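Assemble the complex: chain A is given as a structure, and chain B must be docked to it using the hints.
Line by line, the protein sequences give chains A and B. Following full-length UniProt numbering, the numbering of the first sequence begins with 1 at its first residue and continues without gaps. Following full-length UniProt numbering, the numbering of the second sequence begins with 1 at its first residue and continues without gaps.
Honestly, I wouldn't trust all of these hints.
To be verified - Listed next, the stretches of chain A that the computed footprint assigns to chain B, with coverage defined by at least 3 CB atoms under 8 Å from CB atoms of chain B:
#1 125-136
#2 163-170
#3 186-200
#4 292-304
#5 333-339
Derived by calculation from the structure, the hints in this document are not laboratory data. Keep in mind it's a predicted model, so treat the numbers as computed, not measured. Ideal placement from N, C-alpha and C gives every residue a C-beta, glycine not left out.
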Amino acid sequence: MAASRRTRSGGKEESGTPQAKRFEPDELEHLYRSMLVIRRFEEKAGQLYGMGLIGGFCHLYIGQEAVVVGLQKLARPGDSIVTSYRDHGHMLAAGMDPKGVMAELTGRAGGYSRGKGGSMHMFSREKGFFGGHGIVGAQVPVGTGLAFAHKYREDGGICMCYLGDGAVNQGQVYESFNMAALWGLPIVYIIENNKYGMGTSVERASAPGDLCQRGAAYGIPGKSVNGMNVLDVIEHCAEAVEHVRAGKGPYLLDLKTYRYRGHSMSDPAKYRTKEEVSKMRSESDPIDQLKTRLLDQGVFDENHLKDIDKQVKGIIGEAAEFAQQSPEPDPSELWTDVLVDA
Amino acid sequence: MPTQILMPALSPTMEEGTLARWMKKEGDTISAGDVIAEIETDKATMEFEAVDEGTLGKILIPDGTEGVKVNQPIGLLLEEGEDESALEEAAKAGQSGGSGNESGGGASDGEADSAPKTAPAAPKSGPAQPPVPSSGNHGAQPDADEPTYDSFKRQTVREALRDAMAEEMRADPDVFVMGEEVAQYEGAYKVTQGLLSEFGDKRVIDTPITEMGFAGLGVGAAFARLKPVVEFMTFNFSMQALDQIINSAAKTLYMAGGQMGCPMVFRGPNGAAARVAAQHSQCYASWYAHVPGLKVISPWSAADAKGLLKAAIRDPNPVVFLEHEILYGQTFDVPDVEDFVLPIGKAKVERVGSDVTLVAFSRMVGHCMAAAETLAEQGIEAEVINLRTLRPLDTATLLKSVRKTNRVVTVEEGWPFAGIGAEIGQICMEQAFDWLDAPVTRVTGADVPMPYAANLEKLALPQPEHVVEAARAVCYRSQA
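So that you can see chain B by itself, here it is in the shape it has in the complex:
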């Protein structure tokens, strides 16, 4: 039997890709290590190397095919001694797929607009998540305070972040970007794509792997009134720089009696990506939100990302800007206006509802929107608040909603203890106690380091169905 050549997974978040080009023709001999094709992933064009030896018997997926799913057979490899008659046999035998156990899938729990995969130990299979709604113009018109826009462009969160930096760099020569692989590599997650070519290596700076060093250097440059945008390849690495962020950046204005501000941004992906395990999958929202002297932003949509990053760069204070790797590739509507800036410290009601308030930030807003759709089918109208900024927290928007719905569910990827949900619960207690008809309820990440195994990782992260359950519980609805 010929060996099937399967579409490879070539990044942690890849579920499908484009077969850009075959580097071998049918009939070519292949040795292990030969590049047989170029594959475009969600991040880059990768060379796909052969592992087995043989002859390329048949190409099943031609050059330029988009949307080829991981593990789909793309070609057939004839082993030594096999000829073309083996190909016919293979065709008859049909698609046997890989020898793999699908449940170990690498790119699990990818984009929020795909249905959750059913891992063996998953809670009862959740609702298929609807496509991510556009941020400005979906069904129930959200926030009266939010200006309305006439025209939008479709953008990924990744592009929106890049545009925000580029626009601010064009407007202000004191803004510069530094971090690991931000320049020549164009960002480990391609967020700084194109910046080096436009702004040059004076303003787009590759650093050594030295987080404490370059974070502190950024602080010093900000003291001298430059406006650094310091990228952490992931916020997991910001722990190496924690002292500089908190002791130097956050506290100096106060210690200097107001003389010495620190106008800078620390940005990068935060939270869990996919299968990168304990040391690379942590949410730092509550860590940084704890610190006076910092502003902390965590956007969900591309519009949030663009408008708030521009605001963060302009802000005269140190801003921690927590992005999410899984959101980078997601597309949203971004208002197509010149200089789109959003206010820091202002939450957005993404969906209006009367029965329960779902409060979240970053990727979990998408989970709440999905849960709200399911709840609506069950006769529960959920209001979804996208916090956008965690410090200062927009308590006015929160309390207004609580006084209307009388029920609150908070959702976050991070750990429960002393998390953002704990703070929101306390705010509700202190300022809306008489309006509450049920205890404020938290949906959080499991109180454990992030496990690597696909099934355990899924169990460790909040899923839309958990939000649905929690919302039903505070509405005192019995199990569906």
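So here's chain A without its partners, still in its complex pose:
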């Protein structure tokens, strides 16, 4: 038993060539569409930011789509999700309405937080999405508490707790690991390792060693997974999710991914080369990879994928339209929701 709780992959990144044909066509279509919705949503958000319709900080998820789409494929209704401020993709993957998310970005009454939270602070109890947190690492104990509640209630749910590679050096992450392991809490800790915590590369911020082994001292098994390929994500993360769902305690995943854009809209990203970004874009893009595979294996033809593109463009266009037409919150909203009336 003890052995099975040790790090399994020894830090080697798990990737392989899962056969697209193992998935049903409708599943593959769902994956493709979900990633595309996030990509187009984020491009539109960037555009609206440029027009001054979105303010403050806006952290785009472009490039990382396979991580959340793959992992949420493994989630079930009743699970809970929590993440940091790079959260638009998670909300869309959790099934939240792009209109409500976009309208929150523009700070309008039709947004999920009625315009009061903005890009970094959005929630949906209905979809089990518990934020959207602006402080690096703060979501990790919170996610551990969500897992605690699943176990307490014996509701069969688990928590998918996402954190960035920058967050792994916050002390509260390890306080959480200890409690989760000690009490066998049902939580998957998912490091979205996009190589840079703002402008600082993982190598400059974290002592040498694989991030997936950061739970080893607590007996938390860990695994590194190629996060640029959605089928890899599903295939190689399934074991972790099963482990947690079977009541064997927490699991730590290190998803190797990449963000194409700056840390936020105001980051010129001078800390990496253009070549590095364009190499990732041209060789490892999650959407292109799936598209190529679907076409090569004859799952869909070009026209079918074009239709999906068109539909997605329509969905995002509607969301952007809604986000601009929705009124600003009523001034009285300033004073509501500070406390629950009791």
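Positioned in the frame of chain A, the structure of chain B alone reads:
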């Protein structure tokens, strides 16, 4: 119709920028994601990527143009199938602007020297704020205690802070700077620009994102008599480190019977920037000012910033130094003397007046100066006190003014309950009760977490017109 390419907003505080360089020529094909131009914002040079596909039909704003307003059309994009005749049509159609609703503007409530934007739900439109006065030599000569200077240089608050650190680092090899993105990135808000290249990575240190860790590490280094300047990317993140600041830094001298001082500075932007919402828009003035064993400084002008940061670094105690992101880009006169240092614990009368005392710190001093101009037009002469230091508070300057004007309005961005204004009101009660002709009145941030929506954010923050109203009320003037 060709699509207008609009000048993008590329930072939360950007209202205009320089179109540094087009990366595409007229006639070039553009795909989504292509870099089409380089834009200089208030913080950095950014690449502007295309979202739409097409051909760059016309460049409307040439390379090197400064002061291009956000959302101003800078070029025209021809869609597939459109040719140049479409450009002529566009010219005839005139400027239709973006499809956006302006009231959602991102860079709202930017620099204090721009007129407040009229958001739909704003209180009655306020007075246009006058340019920020220079700190040493404006109209009504302020403070007799303040030395006068002959020459000044124009500097932003950002530059003044950087110079203060650099001068102290040159003078004392024990001074070092650490924090998130302070070295290679040169500061998330570019306050530490140039320090790495001058002082090297032994003294300008990028930390992991680990506030409790590096704040505590700074305390330990200070116990060992180094002089750390610990930057919090924003003071919102200092809450992660609160235990180290209060339990370790502030209390140890006392607990050690005077043996073990903690000569260090915790600095960074405090308060609300623009549209960054509840978890990034909080004023910590009253939190830290509550704690014995700390000194707490909150400068307004570039001169304050420079003189007080130098003093803070030299001070043998832990100093919390609360800056303001919106002020970083504002320019003031800074005395051009060698080693300009200001005393900690000394307020400055920025404007002399006889009818009412306006007391503020940080960005709200600018609001008070603007309000004072409006009040002067209405026959009310306001005295404006820039507190500069919150702990120890300069009660002498405050009381001297109260005994003259008999009326006090305090202004702060933070919440009202147990705020700095509450403390000032109590000091006036205790020490100047017989001189008061009206209740001490507070203008504060709304007692709610900071909302994100542009209209609500504006309602949550004190505006100059609120100061004017409060001043008129304590002077018993009816509504204008």
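Status of each hint after checking the structure:
1. Counting residues of the segment 125-136 of chain A whose beta carbon lies closer than 8 Å to any beta carbon of chain B gives 4, which meets the minimum of three for the stated coverage.
2. Requiring three or more residues with a Cβ within less than 8 Å of a Cβ of chain B, the coverage given for the segment 163-170 of chain A holds, as 4 such residues are present.
3. With a cut-off of 8 Å between beta carbons, the segment 186-200 of chain A has 4 residues touching chain B; three or more are needed, and the interface restraint holds.
4. With a cut-off of 8 Å between beta carbons, the segment 292-304 of chain A has 0 residues touching chain B; three or more are needed, and the interface restraint is violated.
5. Coverage of a stretch by a chain is defined here by at least three residues with a beta carbon nearer than 8 Å to that chain's beta carbons; for the segment 333-339 of chain A and chain B the count is 4, and the condition holds.
This entry does not satisfy hint 4, going by the numbered hints stated previously; all others are met.
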